[in-house]
Amino acid sequence: GDFMPTAGGTNALSHAWVRPRRGPFDKAMLGMVTDFSPPRSFYALGRSRIPVLVSASSVVVNIALNVTLVRILGYKGLALGTSMTAIVNAMVQMWLLRREIHGIDGGRIAASFARVAVASAVMGVAAWACDAGLLVVVPGTSLPMQMIRLLITIGVSLLTLTAAAHVLRIPEYGEARDM
4 GDFMPTAGGT
14 NALSHAWVRP
24 RRGPFDKAML
34 GMVTDFSPPR
44 SFYALGRSRI
54 PVLVSASSVV
64 VNIALNVTLV
74 RILGYKGLAL
84 GTSMTAIVNA
94 MVQMWLLRRE
104 IHGIDGGRIA
114 ASFARVAVAS
124 AVMGVAAWAC
134 DAGLLVVVPG
144 TSLPMQMIRL
154 LITIGVSLLT
164 LTAAAHVLRI
174 PEYGEARDM
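Letter by letter, the sequence shown follows residues 4 to 182 of my numbering.
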């Protein structure tokens, strides 16, 4: 497919800037990032009914979790319930995909996930530090000042992600670089 695990970091970064410092909503990104690849694999295998049935079941799970968690956590329960549903959806589809193709090389996927998670965390720290530093060096709330800080922070973040991916020898990074 055209989705690479490294896209998760940049996707999470973009959402962090679109909705900065909103706490529980950013945690929902983990579920959203893990929910892309399995359906595409089933479609490629001509087994499109499987992700459709799992996704339909996920709607029921999502409603139950959201109703329950909203009562406990308020509006924050929506983000948590949606994230939990997306993670369960992805886990069920990965389990079914593994059965369908008789294995998915889980060790390699887990190792790649760990490297991408570390690279994304390093990028997140760099983005936070850059933003905090730029607030001191380039103060102001006007749109031009915010745009300057945002563009610099995105550049620093992407350079950091690239360096971390190179150091951690993330295979997808090499594939993207060699395109």
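A couple of the hints might just be wrong.
Pairs of lysine to any residue residues, derived as SDA-like cross-links and limited to a Cα-Cα distance of at most 25 angstroms, are as follows [said to hold, decoys possible]:
no., residue 1, residue 2
1, Lys-79, Ile-53
2, Lys-79, His-105
3, Lys-79, Val-64
4, Lys-79, Asn-69
5, Lys-79, Met-94
6, Lys-79, Ala-59
7, Lys-79, Val-91
8, Lys-79, Trp-98
9, Lys-79, Trp-131
10, Lys-79, Ile-66
11, Lys-79, Val-62
12, Lys-79, Asn-65
13, Lys-79, Leu-68
14, Lys-79, Pro-142
15, Lys-79, Arg-52
16, Lys-79, Ala-113
17, Lys-79, Val-128
18, Lys-79, Ser-115
19, Lys-79, Ile-90
Cβ-Cβ distance ranges computed for the label pairs, FRET-style [unchecked claim]:
no., residue 1, residue 2, range
20, Thr-144, Ala-124, 24 to 30 angstroms
21, Arg-43, Arg-180, 30 to 36 angstroms
22, Ala-179, Ser-60, 31 to 37 angstroms
23, Val-128, Met-182, 25 to 31 angstroms
24, Tyr-46, Met-182, 38 to 44 angstroms
25, Ala-117, Ile-157, 46 to 52 angstroms
26, Arg-50, Ala-117, 24 to 30 angstroms
27, Pro-174, Ile-151, 32 to 38 angstroms
28, Gly-49, His-169, 33 to 39 angstroms
Honestly, the hints are just simulated from the structure, not real lab data. The C-beta atom is built at its ideal place from N, Cα and C for all residues, glycine as well.
Hints, verified against the model:
1. Lys-79 - Ile-53: With Cα atoms ~31 angstroms apart, Lys-79 and Ile-53 exceed 25 angstroms; violated.
2. Lys-79 - His-105: With a Cα-Cα distance of about 39 angstroms, the restraint between Lys-79 and His-105 is violated, given a limit of 25 angstroms.
3. Lys-79 - Val-64: This hinted pair holds, its Cα atoms lying about 17 angstroms apart.
4. Lys-79 - Asn-69: Between Lys-79 and Asn-69 the Cα gap is close to 9 angstroms, so the pair holds against 25 angstroms.
5. Lys-79 - Met-94: Distance of about 23 angstroms is within 25 angstroms: holds.
6. Lys-79 - Ala-59: Status holds; Cα separation ~23 angstroms.
7. Lys-79 - Val-91: holds (19 angstroms)
8. Lys-79 - Trp-98: violated (29 angstroms)
9. Lys-79 - Trp-131: Roughly 23 angstroms between the alpha carbons, so the hint for Lys-79 and Trp-131 holds.
10. Lys-79 - Ile-66: holds (14 angstroms)
11. Lys-79 - Val-62: holds (18 angstroms)
12. Lys-79 - Asn-65: Distance ~14 angstroms between Lys-79 and Asn-65 Cα, so the pair holds.
13. Lys-79 - Leu-68: holds (12 angstroms)
14. Lys-79 - Pro-142: Distance of about 31 angstroms is beyond 25 angstroms: violated.
15. Lys-79 - Arg-52: violated (32 angstroms)
16. Lys-79 - Ala-113: violated (29 angstroms)
17. Lys-79 - Val-128: holds (24 angstroms)
18. Lys-79 - Ser-115: violated (31 angstroms)
19. Lys-79 - Ile-90: It holds: about 17 angstroms lies between the C-alpha atoms, which stays within 25 angstroms.
20. Thr-144 - Ala-124: 24 to 30 angstroms: holds (29 angstroms)
21. Arg-43 - Arg-180: 30 to 36 angstroms: For Arg-180 against Arg-43, whose Cβ atoms are near 23 angstroms apart, the range 30 to 36 angstroms is violated.
22. Ala-179 - Ser-60: 31 to 37 angstroms: Holds, at about 34 angstroms.
23. Val-128 - Met-182: 25 to 31 angstroms: holds (28 angstroms)
24. Tyr-46 - Met-182: 38 to 44 angstroms: Violated: the Cβ-Cβ distance is about 23 angstroms, outside 38 to 44 angstroms.
25. Ala-117 - Ile-157: 46 to 52 angstroms: violated (25 angstroms)
26. Arg-50 - Ala-117: 24 to 30 angstroms: With a Cβ separation near 29 angstroms, Arg-50 and Ala-117 satisfy 24 to 30 angstroms, so the hint holds.
27. Pro-174 - Ile-151: 32 to 38 angstroms: Roughly 35 angstroms apart at Cβ, these two residues keep to the hinted range, so it holds.
28. Gly-49 - His-169: 33 to 39 angstroms: For His-169 against Gly-49, whose Cβ atoms are near 37 angstroms apart, the range 33 to 39 angstroms holds.
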